[in-house]
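Generate coordinates for the entire structure from the input sequences, incorporating the hints supplied.
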Amino acid sequence: MLGHFGMSVNDAIREYRLILKAIHQQPDSVGWSQDERSREFEAALKAFVVSKTSPSDENYPLIKPKDENPRCKVFVTAMHALNLQHPILLRTYRSRIDADPPQCTLVEAVRATTANTDLFTPVTFGPPHRQISYVSPACHGFNNPIDQVRQEAKSALSGRAISCIISLGCGHPGPIQIEDVKEDAARAVVQVGMDSVRAAEQTYRRLAGIRNLYFRFDVPYGLERTVLKLNPTFNEIQAHITAYVGQDQTSDQINSAVKQLVERPASIKASELDALLPVEATATVWVKKCPLPNPNFTGRRTELHHMHTYFSSTIGSSARTYVLYGLGGSGKTQLLLQFVLECQNQSPQMFDVIFFVDASLETMLETSSRHP
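Per the working numbering, the sequence shown starts with residue 10, numbered consecutively.
Derived from the structure by calculation, the hints contain no laboratory data. Everything hinted at is true.
Below 27 Å or equal to it, Euclidean Cα-Cα: the simulated DSS-like pairs (lysine-lysine) are: (1) K55 - K82; (2) K278 - K163; (3) K30 - K61; (4) K61 - K82; (5) K73 - K61; (6) K55 - K73; (7) K163 - K82.
This is how it looks when you write it as structure tokens:
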């Protein structure tokens, strides 16, 4: 919507809401099968494409024959349904590293990149003699295509400089446990979030040495329970995003990113992206069985600031110990859970490993110690 049709952000949000309503908010949509949901989704996509093309064409091609070099280059990722080894790129432009790109319509490309098999059926397209079925790479460890962006920048922008890379997340999954989520589709949503965060953390470590090159925006908490509804209201999503954007740190990052986009300083040459030595990401172990803080948690910013400052200090090399004490029911556990949640959503991570030990009973303490 933004890149291919040049729509404004507000117009894109409005159209997206219409498509979302068509597949999630119909009176009988709860009981839809994958086939039914896929048909409704495809019909909504075609209606959108027809409204934006002249002459109207629901089979509008992803690559227009006479448009060799569109102003805004866009690609989406998909995977062969029978070969899930690596994602392929469906481009709106011609690439010198892909002389024979998949021939598909714009609608087919969107279906391919969103064909999460827990929600939608695979989509098949291509010449009659070699049609291929495609699925979304999201639940196969390739939800965040940042590596494909770097590789494509080297090819499509060879010899040019890059000002910045901006990554938009779909909401941090927080400490949700996959085994605790019953619905297959909800499990898929959580896994997508986890894969995306891991890729973002690794990229941050690779590019952290270059100031104002890589920006990652991802609502850190609130959405982890909202997305599990699979059909959240727009107001729910908007409330969490507004709270995130209103934070001072986020606001500063947005201002820096906008400045890079407007002034376009040369941060690095496209050909030098892979020359940056990759640093192996040390993934933080997700808190096992650690509940979220109470959704009504508020305040305690002085204590939280003190804890963050204490553990992030580089003075001395000895292990740091911090004891929370007080009367029963005074909020010690909730304060700690909030601190853990904030630490998990930091980039880079403050801790390599986080253990949650239940000491309410001796037997629980022993069990938690053996299996943190």
